[in-house]
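Engineer: Sequence:
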Amino acid sequence: MSKETISTQTTTANAVAPVTSEVIEMTVAKRLEGIGEYYFSQKLREIDDLNKAGKQVINLGIGSPDLPPHPDVIKTLHEEAVKPGQHGYQNYKGSPVLRKAVAEWYKRWYNVVLDADTEILPLIGSKEGIMHICMTYLNPGDTVLIPNPGYPTYMSAAKIAGANVEAYTLTKENNWYPDFSALEKTDLQKVKLMFVNYPQMPTGQLPSQDLFMQLVAFAKKHHILLVHDNPYSFILNDTPASLLSVEGALDVAIELNSLSKSHNMAGWRIGILAGARQRINEVLRFKSNMDSGMFLPLQLAAAKALQLPASFHKEVNAVYSGRRRKVVDLLNLLQCTFDESQVGLFMWAAIPQGYKDGYALSDKVLYESNVFITPGGIFGSAGNGYIRISLCSSEEKITDAIERIKKIGLQK
589 MSKETISTQT TTANAVAPVT SEVIEMTVAK RLEGIGEYYF SQKLREIDDL NKAGKQVINL
649 GIGSPDLPPH PDVIKTLHEE AVKPGQHGYQ NYKGSPVLRK AVAEWYKRWY NVVLDADTEI
709 LPLIGSKEGI MHICMTYLNP GDTVLIPNPG YPTYMSAAKI AGANVEAYTL TKENNWYPDF
769 SALEKTDLQK VKLMFVNYPQ MPTGQLPSQD LFMQLVAFAK KHHILLVHDN PYSFILNDTP
829 ASLLSVEGAL DVAIELNSLS KSHNMAGWRI GILAGARQRI NEVLRFKSNM DSGMFLPLQL
889 AAAKALQLPA SFHKEVNAVY SGRRRKVVDL LNLLQCTFDE SQVGLFMWAA IPQGYKDGYA
949 LSDKVLYESN VFITPGGIFG SAGNGYIRIS LCSSEEKITD AIERIKKIGL QK
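Numbering (my numbering), first residue to last: 589 to 1000.
It is worth saying that the hints were derived from the structure and are not from the lab. A virtual CB, placed ideally from N, CA and C, is assigned to each residue, including glycine. This list has only true hints and no planted wrong ones.
In silico DSBU-like cross-links for lysine-lysine, where the CA-CA straight-line distance does not exceed 30 Å:
(1) K715 x K778
(2) K695 x K808
(3) K618 x K747
(4) K643 x K631
Across the chosen pairs, the derived CB separations fall in these ranges:
(5) S982 x V685: 32 to 40 Å
(6) Q630 x S880: 26 to 34 Å
(7) P672 x D951: 51 to 59 Å
(8) M614 x K902: 49 to 57 Å
(9) M614 x N920: 44 to 52 Å
Given the sequences, and given the hints that come with them, work out the whole structure.
Structural biologist: What follows is the structure in structure tokens.
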């Protein structure tokens, strides 16, 4: 038998049957029933397809700061990252350096005294913190109060945790504050958590000290844990405020905060949870099973960011102020009505008569002028008659968007 014949026989004997490419069927967990893909995740894919077709869409929808962090923050990240001993697992409660910086930041800006060792928990983004909180406290049958309009993740996180969701409606006539008299008339016996968010997203409404006091009193009366989401307090606002500044708030409230918006560090995923020692330890029980701590150089750079002078925020807000003036021009072109006193990274505006809802106006602008603005309905039914425009694009891009929209006309 020749070598060639032997080689052929060996190959034939060792041949493996071809693997089919059919993907097996799987049943998705019941906890995802009614949970769709995040709106912006879907929309960004659509915008990407439009751009591939040559549309060059101007995106005025997403609240991702396009300004860079302070140079000293980036310098700190680099200097710490090149050190050989900085790349291991970290303390689940976060670096003492970062926790100390958070405590000093809260005292300096919010006049809130927190124990750096026991009342602060760094998070890998405050959005993740929303899920940590829901998974820590909620059982099937529990009820969660969420604002309408409000951040969609409050609802999805609560539902994934198995809870029932009840929306409380915010209205312009009530300054986008909860209607406590209406809430008192509802069945609150199974309510365990209440999400609140001021400065409010998407409306840009500032809180008052009286509002914070009413929230704390309401939570104490009904034994509800308040979850205050506070990422926008520095944007176009000279008086940052924390719910925890109210006497007795630590008894009934925890607060989420973030460097994403205030320090132009959205992609860094650095969040904060502040609350009583017991609350921090409870959330840590869940969180410590979900991640292995934050990269230490990120934590040290975040500590540097929290120590920046007030001039940093002043410079950032000067840029946003210029952009807001341009967005006001755009909203006037769209014949929308709005409150110029709102703060934060967005402008919230009521659509003119003639459009079914904010989706109709958003789609018209997108498909006819290649400019994307966010329909208010994604934030709840109370937002159906509104749109939201982000300030996270340059004045030049906003001006370009205005010129594009001028060309399409605004016939309904």
